[in-house]
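*Asks:* Protein chains in written order, with the numbering used here: chain A, -1 to 320; chain B, 408 to 713.
A few of these clues could be false.
[To be verified] Listed next, the stretches of chain B that the computed footprint assigns to chain A, with coverage defined by at least 3 CB atoms under 8 Å from CB atoms of chain A:
(1) 457 to 469
(2) 563 to 576
(3) 694 to 706
Derived by calculation from the structure, the hints in this document are not laboratory data.
None of the values given here were measured: they were computed from a predicted structure.
Every residue, glycine too, gets a C-beta built ideally from N, C-alpha and C.
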Amino acid sequence: MTTPITTAAASAGAMVDEAEHGHVDHLAGGRSGRRGRRRVEAIYYWFLVPTVVLFTLAITVPAVLGIFYSFTNFIGFGEWEFIGLTNYVAVFSDPAILSSYLFTFGFAIVTVVLVNVIAFLLAVGLTSRVRLKSGLRAVFVIPMVISGIVIAYVFNFLFSNSLPAFGSAVGIPWLSESLLANPDLAWLAIVVVATWQSVPATLLIYIAGLLSIPGEVYEAADIDGAEPLRRLWSVTLPLVAGYVVINVILGFKNYLNVYDVIVGLTNGGPGTATRSIAMTIFTGFTGGDYAYQMANATLFFIIAVLISILQLRLTRGKAAIA
Amino acid sequence: MTQAAARIPVADAQPTTRAMTTDVARRRKGRVGQERANWSTTILLVLASLTVLVPLYVTISMSLKSTSQAVDGNAFSLPAPIDFSGYAAAWELTNFPVAFTISILITAASVIGTILLAALASYAIARNWEHRFFRYSFFYLLAAMFLPFPVVALPQIQLTGLTGLANPVGVTILHIMFQLSFSILLFTAFLRSIPLELEESARIDGATTGQTFWRLIFPLLAPMSATVGIFAFLASWNDFMMPSLIIADSSQQTLPVVQQIFQTQFSNNYNVSFASYLMAMAPAIIAYLFTQRWVMEGVTQGAVKG
Chain A
-1 MTTPITTAAA SAGAMVDEAE HGHVDHLAGG RSGRRGRRRV EAIYYWFLVP
49 TVVLFTLAIT VPAVLGIFYS FTNFIGFGEW EFIGLTNYVA VFSDPAILSS
99 YLFTFGFAIV TVVLVNVIAF LLAVGLTSRV RLKSGLRAVF VIPMVISGIV
149 IAYVFNFLFS NSLPAFGSAV GIPWLSESLL ANPDLAWLAI VVVATWQSVP
199 ATLLIYIAGL LSIPGEVYEA ADIDGAEPLR RLWSVTLPLV AGYVVINVIL
249 GFKNYLNVYD VIVGLTNGGP GTATRSIAMT IFTGFTGGDY AYQMANATLF
299 FIIAVLISIL QLRLTRGKAA IA
Chain B
408 MTQAAARIPV ADAQPTTRAM TTDVARRRKG RVGQERANWS TTILLVLASL
458 TVLVPLYVTI SMSLKSTSQA VDGNAFSLPA PIDFSGYAAA WELTNFPVAF
508 TISILITAAS VIGTILLAAL ASYAIARNWE HRFFRYSFFY LLAAMFLPFP
558 VVALPQIQLT GLTGLANPVG VTILHIMFQL SFSILLFTAF LRSIPLELEE
608 SARIDGATTG QTFWRLIFPL LAPMSATVGI FAFLASWNDF MMPSLIIADS
658 SQQTLPVVQQ IFQTQFSNNY NVSFASYLMA MAPAIIAYLF TQRWVMEGVT
708 QGAVKG
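Using the sequences and the hints given, assemble the complete structure.
*Replies:* Now the structure itself:
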């Protein structure tokens, strides 16, 4: 038994598979059989080519240009010359860049775990027989439509004023001062806000996953006398495993680009304790490190591609949302 | 799962999603020991929803305080007396009408541009899949999904500066381009579910390819256009990174970006800054409350199908 949502998931992958195996699309094949080798009508080129050209100018040219400059000593303007792999060698021994990678990956791992645990539990709750179901679901999705920077400013206020007030009232020393000013704990604040913002989309995917499980499965589990927790762990979770993979990888990729929330909370501080990869790259524009940061960006790109390949392997193209 | 089976449900996915929900609910109702509403879970969920509602409450109540009340830093107290002067000040300081208009224009143009360009390109690709040019174009356009914006940000800042596009127009173009991959993936998948016979009969009646697309295919794509549009809207309206880096003239900045002024200047006028935050959040929240079902279904479909 299948549902629209899960079956639909296969179609994107199917297209990729077909191309890889060299099958001719049967939709178009029907027509070419009727008319022999069909010539492409000119209008189809008008539909596609302008977009391809614009895409090339807006994305491919900058990407190629950036990679090109990463092998030079360009500072954003003026003269430059090739310096080979010097930038790359320097990137690998730069403590500022190294710490931004450590911070960003640590942040992404913690956030992806937290978001998925929370979203999964909420999804289980929201698909069980609870009251106020549609109202609750509407509320939980609200953070998705709020700009990250704006909600980060709101939380900035809470972390700098309300939380320390609470901390000193109940006598917890590390909570009595602003988390955002603490180099060891500021990342926690960023995780909280990023999680707040990311739960809704993840939650919606889990709800779709849970609704795709046929009720008979639960009936069978009930007959076998499975406890609710046992049922969640041994029946529900394995059946939504594909959705977990999608959420974990998509989330991880997104969190590696973390920027808005940090700007709104700590702006990379205290010091450089919460400076993400994206923030480090952007310093290349103001700090005269253009070529150097492009080497950094190129390495980041390679990592992003590797993660995407892993994603395609694990999901067979089902989850391609960037 | 066969491919044929995979395709057919796509066309009517939206109505059936709704039907399915009630269907599952009905089936669950029949489950042993599940007849009664689960009150303990309901209470837990209501408590959890406070994590969403409390920051929103704080935003609203702070924005309605007087400057002297707001400065005490108590986030949770109710405004007494209610004072709207924060809104007036925020309106002036952020030049709200300008920032709002620019945000709306960028978002609207991004949504329309994404839907049109992606639909046209997808149609050309799906109907000419056997031709190498179209097939390779598909994979080429899809490749941008592997490319995070920070990777190309520096050259894009440089190039938009050189070509006179360091403004909202440049941001709109980039928003559309970064949204293309995902949208084309959704549209091509959907196009494969539309039976070719429909088009054949239109052509027998003498319709050209252009007419077939505009009168037959584009209307059929509507549910997927809604999904694509919702993703484009959220990405564009809420974006901070791209406008803040690309738009050179700060008087042309978008609504999320202008909120920055409260971090440097006026940082103690909390009622003003929160009024401004609320004015920045409210349009999308209100739009969402009216289109909830679409947004949730759109995001679910887009994410799961994509």
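*Asks:* None of the hints should be skipped; say for each whether it holds.
*Replies:* Hint check:
no.	hint	in the structure
1	457 to 469	holds (count 8)
2	563 to 576	holds (count 4)
3	694 to 706	holds (count 7)
The earlier numbered hints are all upheld by this structure, with none contradicted.
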